[in-house]
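Enquirer: Residue-level listing of the chains:
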Amino acid sequence: MSLLSSTSALLGKELRTEFRSRELLTTTVVFILMVIVLFSFTFDPSYTESRRFGPGLLWLAFLFAASLMLQPCFLREQTNDTLSALRLSVSDPFAIFLAKLIANTMFLLFTELLMLPIFAILYNVPVLRVLGQLILVFFLGSLGVSIAGTALSAISAQARMRELLLPLLLLPLLTPVLVSSTQVTVGLLDPSPFVEWKGIGFLIVFDVVFLTALWLFGEYLLEE
Amino acid sequence: MTSSGFSPTGIRFENIEKRYGGLAALRRIRLEVAPGECVALAGRNGSGKTTLLRIAAGLARPSSGELTFPSPGSKAAAPTAPSNSRVKVDAGFVAHATMVYDELTAEENLLLFARLQQTPNVVARVEKLLREVGLFDRRDSLVRTFSRGMRQRVAIARALLHEPSILLLDEPGTGLDPQGLAWLAATLRQLRDAGCTILMSLHGESEISMLATRAIRLDAGLLVADTRTGAEVRSILTFADA
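Protein chains in written order, with this note's numbering: chain D, 7 to 230; chain W, 9 to 250.
So that you can see chain D by itself, here it is in the shape it has in the complex (with noise of 0.2 Å):
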């Protein structure tokens, strides 16, 4: 109880102070729109040519949003020193993780189905039909990255060159959600739409390890 009631007050805390600022939607939205957009120029975006490099350019510009989404998660906690309060004031300190992560899949989720359509429209491959998959594979990647990206965020916050570490060791860490996350797209987005249920069952085995990892040593992370 304490637990759930902790982190609801800290996503709103989260969700309150990003949509006062909008640091993190602005930056990610106009990131992932400028990598779609560009690349609709260098390529024929033929359907055929579509679903053989969308997938993977739209992962990438999600993958490179969200380490820049990841990046001020806990360093915007340094500048007050807040972070210590809240260590001070919570029983549980995986509530801290889990707003934050929570947070995270809310904004990634959020500015990828606002640049899906702009996908679709820009690269001539037909969403609608697949949306509900879609929106799953979506939630499933995007929970990956935001639960490795933020326990890397707490580590790279205390480190320096700060700026340098998240990306460092962020990107290697989610290629196999990359791979995956990939891999279930291109079936989707395929003429005869299918679910890659291997790639699916992969995304959730690893955000359950990845989540049970962090609430296990989550703690150690935040300590000076």
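I should point out that these hints are in silico values taken from the structure, not numbers from a laboratory.
Worth double-checking, as some hints may not be accurate.
Label pairs and their computed distance ranges (CB to CB) [stated by the list, open to error]:
(1) D:V214 to W:A105: 35 to 41 Å
(2) D:K204 to W:S155: 57 to 63 Å
(3) D:L120 to W:R35: 41 to 47 Å
(4) W:G30 to D:L222: 27 to 33 Å
(5) W:P80 to D:T218: 40 to 46 Å
(6) D:V185 to W:L230: 53 to 59 Å
(7) W:T246 to D:T85: 48 to 54 Å
(8) W:L230 to D:V215: 44 to 50 Å
(9) W:H104 to D:V215: 38 to 44 Å
(10) W:R27 to D:I127: 55 to 61 Å
(11) W:R52 to D:M167: 30 to 36 Å
Glycine is no exception: its CB is placed at the ideal position from the N, C-alpha and C atoms.
Once you've looked at the hints, dock chain W against the given chain D.
Expert: Chain W alone, transformed into the frame defined by chain D:
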């Protein structure tokens, strides 16, 4: 400030050491702060005052030694924080940084921390504190629009939200105007008289330092002076500032 007395809790530092790489920030600190005592920590910049307070708050882990919180009224074992673990202590902490969110209003900040601390009667408690720190009329303003002194008032209110039995204050008068300092001194006096244990770092004499019943001076991580005698308490505080 508080409706009832505190369950008195002391702080015992047993050979506490803190090293940052090769630098020893604290060296074999042995110190017992009795329940209800008001102790002023003095010392030059870098002498280890902040590190000692952060260890007492449970924010930093000592490299070696043991920290306990003896409570004479309780038959249960005192909570202990040896160097390899951290204990949750009922402490309010005011640091150099304000520890509040600039993008939230004063009221939202206090409501957030009150809910996290599971303070009873959250709304009433927050309203009472906002009135006491003189920010009730500005409760809906974002903290980033506040002056340093106003931010410090929010920081102090945050530390007092759950009526802690131990107060750890790192230069609590920072940014406060004379009225603010007078308010803080009166509040701390009230808390001290109600049995709250206070450990605070200070520079020089002030209305706040007059509350101290004991003074300790740190120098390069070592405890070099400790007195309860009135005149010596003043001398330690002024000497450290020289």
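Enquirer: A separate judgement is required for each hint: does it hold in the structure or not?
Expert: Hint-by-hint comparison with the structure:
1. Look at D:V214 against W:A105: about 36 Å separates their beta carbons, and that is inside 35 to 41 Å.
2. The hint said 57 to 63 Å for the Cβ distance between D:K204 and W:S155, and at roughly 59 Å that hint holds.
3. In this structure the hint that D:L120 and W:R35 lie 41 to 47 Å apart at CB is violated, the actual value being about 56 Å.
4. A C-beta distance of roughly 32 Å is found between W:G30 and D:L222, which places it inside the suggested range of 27 to 33 Å.
5. At roughly 42 Å, the beta carbons of W:P80 and D:T218 sit within the given window of 40 to 46 Å.
6. For D:V185 and W:L230, the hinted distance range of 53 to 59 Å is satisfied, since their beta carbons lie about 56 Å from each other.
7. In this structure the hint that W:T246 and D:T85 lie 48 to 54 Å apart at CB is violated, the actual value being about 34 Å.
8. Look at W:L230 against D:V215: about 47 Å separates their beta carbons, and that is inside 44 to 50 Å.
9. About 39 Å separates the C-beta atoms of W:H104 and D:V215, a value consistent with the hinted range of 38 to 44 Å.
10. Hint check: W:R27 to D:I127, Cβ distance near 60 Å, so the stated range 55 to 61 Å holds.
11. For the pair W:R52 and D:M167, the beta carbons lie near 31 Å from each other, so the given range of 30 to 36 Å is met.
In this structure, the earlier hints numbered 3 and 7 are contradicted, and the remaining ones agree with it.
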